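Enquirer: The letter at position 161 of the sequence shown is residue 161 when you use UniProt numbering, and the numbering goes up by one with no holes.
Bear in mind the hints are in silico, worked out from the structure with no lab data behind them.
Model, not experiment: these values are computed from the prediction.
Warning: the hint list may mix true and false statements.
[What the hints assert, rightly or not] Lysine to any residue pairs mimicking SDA-like chemistry, simulated, CA-CA at most 25 Å apart:
id, residue 1, residue 2
1, K90, E70
2, K122, I82
3, K79, F139
4, K122, E142
5, K79, L37
6, K90, E69
7, K79, G133
8, K90, R51
9, K122, E70
10, K90, D43
11, K79, L132
12, K13, D43
13, K79, K90
14, K12, I82
15, K79, R51
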Amino acid sequence: DMIEQYGHQFGKKHVVTVLYQLGLCRQYERRAMHQSLTSALVDRLVRCATREISAEEATKVLWALGILEEVRDTANAHKLAIDLGEEAAKRYHEFSPAQMASFVSSLSRLVRAPDEDELVAKITTNFSDYALGGGLPRFPPEEIRTWTSFLTEVTSPSPNQAQAQAAPYPSPYGKGGGPPMGGPAYGGSP
């Protein structure tokens, strides 16, 4: 109801929050809602410059796009996902290991073409080189373990892989179960 009544007034932060909250609800409900409302939110976010979307916001948006079935396969959602991926390839240093693990996991579920798979590989490589390279750790050991565990999991398919793809890894709920971490509400930085 709020989306219908106030959606036209939503700014970027509102749209990100609403998409994320819809994703949280949908993760447990598994039913679609009004496609036009969710599509309108995505359309509004497509008009924002991706360089103005923070790493935390991008992580939440991609996660939501992967969960929200009513927009997952739309052209605008796909364009937004790839645009955010291209921006992350340039701004990988702004992500925490947990955010990047969720971002890469979500983006990999939304790609459709080989060149988009290459984008996922580029982001993964750039972030790995940044986080692990040069002998000077950029993150505390526990955060590095989050990233290396993610890399191990995605390179070693397990019988539970289909289950793990239902939600991003890592999460406060354990492997594969729940929303992306980041921000003060999820133990990340503000």
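Enquirer: Run every hint past the structure and note whether it holds.
Expert: Hints, verified against the model:
1. K90 with E70: The hint is violated at about 29 Å.
2. K122 with I82: With Cα atoms ~13 Å apart, K122 and I82 stay inside 25 Å; holds.
3. K79 with F139: violated (31 Å)
4. K122 with E142: holds (24 Å)
5. K79 with L37: Holds, because 18 Å separates the two Cα atoms, which is no more than 25 Å.
6. K90 with E69: Not satisfied, since the Cα-Cα distance of roughly 28 Å exceeds 25 Å.
7. K79 with G133: violated (31 Å)
8. K90 with R51: Since the Cα atoms of K90 and R51 sit roughly 10 Å apart, the hinted pair holds (cutoff 25 Å).
9. K122 with E70: Violated. K122 to E70 sits at ~28 Å, over the 25 Å cutoff.
10. K90 with D43: holds (23 Å)
11. K79 with L132: violated (30 Å)
12. K13 with D43: holds (14 Å)
13. K79 with K90: Measuring from Cα to Cα gives roughly 17 Å; hence the hint holds.
14. K12 with I82: OK: K12 and I82 at ~18 Å, within 25 Å.
15. K79 with R51: OK: K79 and R51 at ~15 Å, within 25 Å.
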